[in-house]
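Protein chains in written order, with this note's numbering: chain A, 316 to 802; chain B, 316 to 802; chain C, 316 to 802; chain D, 316 to 802.
The hints are simulated quantities; they were obtained by calculation from the structure and are not laboratory data. Please read all numbers here as calculations on a predicted model, not as lab measurements. Glycine included, each C-beta is placed from N, C-alpha and C at the ideal position. Treat the hints with care, since some could be wrong.
Computed Cβ-Cβ distance ranges for the label pairs, DEER-style [claimed, not checked]:
1) G767/C <-> D539/D: 54 to 60 Å
2) D732/C <-> S478/A: 42 to 48 Å
3) D344/C <-> P796/A: 38 to 44 Å
4) D732/C <-> M331/D: 32 to 38 Å
5) E343/A <-> E793/D: 36 to 42 Å
6) E340/B <-> E793/D: 55 to 61 Å
7) P667/A <-> D344/C: 54 to 60 Å
8) D732/A <-> G767/C: 34 to 40 Å
9) G790/A <-> D766/C: 51 to 57 Å
10) D577/A <-> G767/D: 53 to 59 Å
Reference listing, derived: stretches of chain B covered by chain A, where coverage requires no fewer than 3 residues with Cβ under 8 Å from a Cβ of chain A [unchecked claim]:
11) 682–695
12) 786–792
Protein chains: 4
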Amino acid sequence: MGLKTRQEYIRSLKAMKPNIYKFGELIEDVTTHPATRRTVESHARGFDASHDPRYSADFETVSTFTGERIHKWTSMMESLDDIMGNSKMKRWMYRFTGTCNGGLCVGWNASNVMWNITALVDKEYGTAYQERLKKWILHSQEKGLVVAGGLTDAKGDRSLRPSQQTNPDSNLHIREVREDGIVISGTKAMICGVAASNEIFLLPGGGYREEDKDYAVSCVVPRDIEGLTIVETRRPSDGREYENGFDIPETGITQAYLIFTDCFVPKDRVFLCGEFKYTGRIIEYFTANYRACIGACVAGQGDVMIGSAALMARANGLAARTFSGKMVDMAVNNETTYGMGIGAMALGKKGPGGMWVSDSLLAHANKVHVATLPYETKRLCQDIGGGIVETGCFPSCKDFDHPAYGPLVRKAVQGADRFSAETRARAARLSEWLTLGAGVPGCMHGGGSPDGAKLVVRALTPVDQFAEYARAIAGIDEAVPEPDKKK
Amino acid sequence: MGLKTRQEYIRSLKAMKPNIYKFGELIEDVTTHPATRRTVESHARGFDASHDPRYSADFETVSTFTGERIHKWTSMMESLDDIMGNSKMKRWMYRFTGTCNGGLCVGWNASNVMWNITALVDKEYGTAYQERLKKWILHSQEKGLVVAGGLTDAKGDRSLRPSQQTNPDSNLHIREVREDGIVISGTKAMICGVAASNEIFLLPGGGYREEDKDYAVSCVVPRDIEGLTIVETRRPSDGREYENGFDIPETGITQAYLIFTDCFVPKDRVFLCGEFKYTGRIIEYFTANYRACIGACVAGQGDVMIGSAALMARANGLAARTFSGKMVDMAVNNETTYGMGIGAMALGKKGPGGMWVSDSLLAHANKVHVATLPYETKRLCQDIGGGIVETGCFPSCKDFDHPAYGPLVRKAVQGADRFSAETRARAARLSEWLTLGAGVPGCMHGGGSPDGAKLVVRALTPVDQFAEYARAIAGIDEAVPEPDKKK
Amino acid sequence: MGLKTRQEYIRSLKAMKPNIYKFGELIEDVTTHPATRRTVESHARGFDASHDPRYSADFETVSTFTGERIHKWTSMMESLDDIMGNSKMKRWMYRFTGTCNGGLCVGWNASNVMWNITALVDKEYGTAYQERLKKWILHSQEKGLVVAGGLTDAKGDRSLRPSQQTNPDSNLHIREVREDGIVISGTKAMICGVAASNEIFLLPGGGYREEDKDYAVSCVVPRDIEGLTIVETRRPSDGREYENGFDIPETGITQAYLIFTDCFVPKDRVFLCGEFKYTGRIIEYFTANYRACIGACVAGQGDVMIGSAALMARANGLAARTFSGKMVDMAVNNETTYGMGIGAMALGKKGPGGMWVSDSLLAHANKVHVATLPYETKRLCQDIGGGIVETGCFPSCKDFDHPAYGPLVRKAVQGADRFSAETRARAARLSEWLTLGAGVPGCMHGGGSPDGAKLVVRALTPVDQFAEYARAIAGIDEAVPEPDKKK
Amino acid sequence: MGLKTRQEYIRSLKAMKPNIYKFGELIEDVTTHPATRRTVESHARGFDASHDPRYSADFETVSTFTGERIHKWTSMMESLDDIMGNSKMKRWMYRFTGTCNGGLCVGWNASNVMWNITALVDKEYGTAYQERLKKWILHSQEKGLVVAGGLTDAKGDRSLRPSQQTNPDSNLHIREVREDGIVISGTKAMICGVAASNEIFLLPGGGYREEDKDYAVSCVVPRDIEGLTIVETRRPSDGREYENGFDIPETGITQAYLIFTDCFVPKDRVFLCGEFKYTGRIIEYFTANYRACIGACVAGQGDVMIGSAALMARANGLAARTFSGKMVDMAVNNETTYGMGIGAMALGKKGPGGMWVSDSLLAHANKVHVATLPYETKRLCQDIGGGIVETGCFPSCKDFDHPAYGPLVRKAVQGADRFSAETRARAARLSEWLTLGAGVPGCMHGGGSPDGAKLVVRALTPVDQFAEYARAIAGIDEAVPEPDKKK
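Next comes chain A alone, as it looks inside the complex:
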């Protein structure tokens, strides 16, 4: 069928076996449990948009395999337009939900990256990974799957490689290769949107050497696979998700630790199995696309921050236009990460399997901004909104509703007469949530750290070549090489 509705999507989640925990409790139904229903709601808005004529152009497309209509997040990205569509869809999703929707993002990118990689691996090793992958992609397109992606391992001691860790389960690895599949164990950390996903696409978390070849594994598993324990992380103010009232929005995000204990993955779902030589390339392709596209995520959240700041200004009795200088600064930040990401895509090219690979240098330079500019945008959002926003500093919904002193509280929080106190409170809580609460995206380390990005920028900046241009302009005749290292 390809295009699913919100209801079909929710039914598909309800049908899964419970294996997600939070606060020491097993979550029976992710679609209704307070810890997870908000992220389900967020992802469901992607299904709504797929059927909404205002947005559907950015949410659905035609399968290049079958010609059927499919959700964009299950599609192959063969052209610049395709990958720009990825970026545009994410900006919309942040505008609709204010936060990350990992299940419509990471698995999508992972499947396209692995298409390029399997072309290389199959060529070198005579494997048939791409055929397996195609089969799974067809399944994913037909079912309209939401697929989280697991790249980041728990890692253990940062100064050691996976095979050097005391605890081998600090990183996901192959425990056994069988005729019919593989057995995996280990931990993926901080994985977004798992609770709202049908499946999870797993990738190696780094570029590995031979001694780490057991860690060179890529496969895709159902979220409720046997042997997988999922523990949702606690984040700022997530306790409010267990309450009713205006202290938290109806959308949300989850980030999980995935603890695999001897999970069996049938071979049809395995796309890399020990070919460590290509793990670096996986990271290269994945991050190039991911760090190009993530600019759209923080831009979309920044759009909502501009909007939230405007609401606050008005609720405070002022015009939003009073703050247009600051809003322009916010907008420039948003357009910077969005636009540099688009630039990285435009300078990219088709990869070895035909799927688009963005330009690494620009993508990683963009990551530096993604890890800094949103902090400034948040600061400006707090600046415009006033003290009530900065630290979410006003009484709770329960105090508003208290029979005795509730009316006093409402009067105290009242701003401009033309709006209710609750409107001001809701706007303030939104700004708080976006800047200090669970709406905080992982812009700093999400998809890797800015320091890692700087290493790539460093590697891709041809300092010696630039020195040659300078030497020519300066009219220097002698060679000017680096000094001898031993010096």
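Got chain A sorted already, so can you dock chains B, C and D onto it with the hints?
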């Protein structure tokens, strides 16, 4: 007696009548209730330090009135050394608690500001406010009081003055002047440390004109005065204060809405009553000192962020020195707000009553940094710590302790072998709390907004005089005045 | 012929009549006069590159009209690839020369913009401007012309529109419309590369109303047209251009005031004549492309600054890699303006005449960076190089060559033994020139001011729409419009 | 006499022997030669101010030795007020001249630093340096001397210590110790204000070890000492100093290379001679005071930039107040470096000889701002002024005065009618000079590099202690030390 112990302090709080609410509930004992005991603990550390020879020089002094030893926060600040001592004490308090201790800060500054103001008012109007104030200060010194300060009103519609508000209670005002005292009503908002305080020093929230003269009131009230309803605000992650375990530290801050309904204040505790002409001067003196000293607060919190980042680096298996470049950037930020504040003090002078008044231009320029640099320091703290810090992204204490999957979780969060998983978790939660949780100080709007500070900088920058210097250097003979406004 | 050689180019310049002045002197031959020969040399390197197989792909192409090989800077830009080629060529030119080459840039963009505009104007007014333009473009392609572009007027009093100025010649305008052409007068200011150009493409300097319709003029004129007085501007350290020796490089830039006094332009060269309604659109299209592409210029100059910093580090006895952190910061700055420009192009689309128009929002957001990031890049270049670079602080070439104390000076300026003192001096002068001298590009106001760009960002940021997204997420039911303006 | 007039000062310079060269030419009279007369004029304004009742409080004082009135720049700085006076005087000097006046600054600081150092050295080694120094200070006070200071050596290869250099003259050193004095050779580089000075105070350029003990030398020499060759450096646009007209102001700065060849210094003028152990302390004390005070220099220049920007706005036809947001940003920058410097002084204390030593941590943190904020202030100055300012982009004075086309040029540069074209030109040239020309102070590397300052900040930031505060707040029981280095 002057110098109180932690125990005496806590007893003094227990003796008060309950009038503080949070989450719809009356708090019977602030020293034990989860919503308030952390701020009491924080303030109590100030009493500990007063008796600790390592720190007492910065925490106790001799009364200029009686020669008795007193807590510094009840003293008069007559010299540069005195006010630098204010700054130093606050930096220590942030290092001890990681957060704001309003009860050792705002009332102190307020009493000194009002000493200068009452000198002026008494001189012009023949009142005897200073004598009343002296009597109260002696009482405060003798009892070793913790005194919160209430400056910021709830304000209502920001585009209207107090007397124009639909709701007169948006700002604190005098309802009645009696022979024996005054009756006040209205709302002070976002007042720090009230739950840990014995009394509250009230100041007008702005520079007022004649039509707002009922709002020109300064007095001091017991925290449990009849007619006062205190509602504590909800802040990021404050729900954790109701839990046990490592997800939140043992120190903390509260910020309250103070809703006064026909409260009677005896005249001995009233230091301004309608003399609107001096309200602007109160704001000027108060902000000059406050914005000079607040640089020490954010510096002290930044010190702890450097420390917390060092803990995280080590728990991750790395050396703190790996990040010394970023730590230097953090340190420069800390020293900037601290040092500019000290500079503002050094360029200050004795006010009309003999108490020190810092330089307004430097103090307000400093406020601009106080509202921006800590955001960068927080960003760097998250940068160094990794994704686990950025969004507090790992399982909760309850998950660590779960009998079934707890051991899995601990293994997953384990970093360097030489530390326990809980150490890494505690360090990560501290960084989260400092950058995203309840440890977030009101550095943006606390003590007024950066935009307000910029207005002062604008007013105190003699552009025309600077144009004259430029004209002389440029050798321009003709006058170069501003164009006619009508143009 | 289409593709010209350096020699042919220089011959074409020599054949022109002298009408350029500097320092009170008429320049007889721009190719040999010290004030202009460096900019000619710079532009000549574009001809070299057209014939150099390493670079020719970015310097020559095929005419869409004739199928002949032509210099890229005379081509039509119909696709994203075409306009990205514009950006790439400029980055190369900066790498080859360290500075701006206006004659290979502005006329090119102007002709493409006017192609789109004439499509609209011809359609509305039944004019045949596009046919005239095509004829001229064919001429330009065939002759391989270098064409400066004149947009910015002298403007006079910034608070007045052109028709309100006391001096009508503050802006270029039509004095008379004749059967066979038009007569123009007025001043274009700060026009780059005129001395190296064969012709000058003139555009209106703003979006005009009916009363300013005489100022709505676009045409192209030979540089040596009768009635045109060109006065080259004096820039930092341009006096060195009159010297020999290493104190200044062999490349350079010129910026001119073009003072037109009753110049007759035959009608075949006139592409807009009073149709004021379309002047705003000219500015829109021109700046969208120009501010997208200018990111490449400052990036290319930044590349040379990285190189120059590397030379300095080595000449000082250190390795360039010691400064890789700062060089990464420089590279991120370069890639930001380059990449956002590419992003603006990728989000653009074909204009009404079929030529590509970049996205305005991204292009103008990029201009904000173009006006700020290069300042940081320059600061870092000075930081790495040391005091000798910062203010160009060391003796002159003449002192190096002095028979008596020259040897002392050389010894004093000597850095690492393995390089000559002159190498260190040349590298230092290059950094000085790039950051403080004539190599300073007009990154701040070139192609318009950053404040103007911010106005566009403001206009194109849908704050009300963003407020609606925020309102939906916050769950606010009531409408939250701006307050009544009269309030 | 102590207090000299401008005329007496100029006479004292005329009486000296010529030993200064620039552009291959010996300068016979520094007070009239175009290359040096502007720096003499600048310094002379300090003498004017000493006699001007508006400023004299900051320019003259009473000798602590004799009770006579003296110029401040010859005084001892024993108290916080004394050293704040140093800062204030420098801010005034920049306001009067727009640039650095090294002869009123470095020698002053050097003599005070050496007072503290000689106290230590005399105590350890039984020398009598302080007595010699006192004698010289009395001479300096009596004669009202202008004394440049030489700290920075030419250094040669940055990776080698002085004694390792191929060329021993890369650093100043003792060639011979005689009964009656010492013989010195070597090079001091980039020394400000030498041409306007009577004498030069020499200090070692680094903290040296035993093998470099010949480089541990401090003494004071007449500017025209036998054996000293002074070569003035070429700086941006300094060629204009040889012209008349408005293209450059009447004030200015010089920076010289001092090449000493076997210069004999009588022992009464020698204050350190081989006691290498104290060279580090000299650097520590010198930089603590210098980097505290230099904040005032860049602040004063920033004041003039605000003024110059205001002139430009008005000359362009606009009001300065239109740009008040940017001017506030400029003012905050100015007050930051000024205020942090004052803070460093206020946290300082009397040194071992009784002279004030500022706080190193704050002083070096301030240096980081001194090396960055002025770049932003300059950018804003260019931003406000328009393209005409950014690159000094308009015709020269000679073109204004050309009989034929001069009137055209004046008309073209005319802005608002109410001012002359020359006024606009002069204002533009001033902004150009301040931001790109010879008015550029050595804010980056002057008094040492920002990287050196960061090393001090790093050394003085107690990361381990901060980690302990964090550990206590986080409730971590186990110790968290750095990992073993070998790992």
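Going through the earlier hints one by one, which of them does the structure break, listed in rising order?
6, 9, 12
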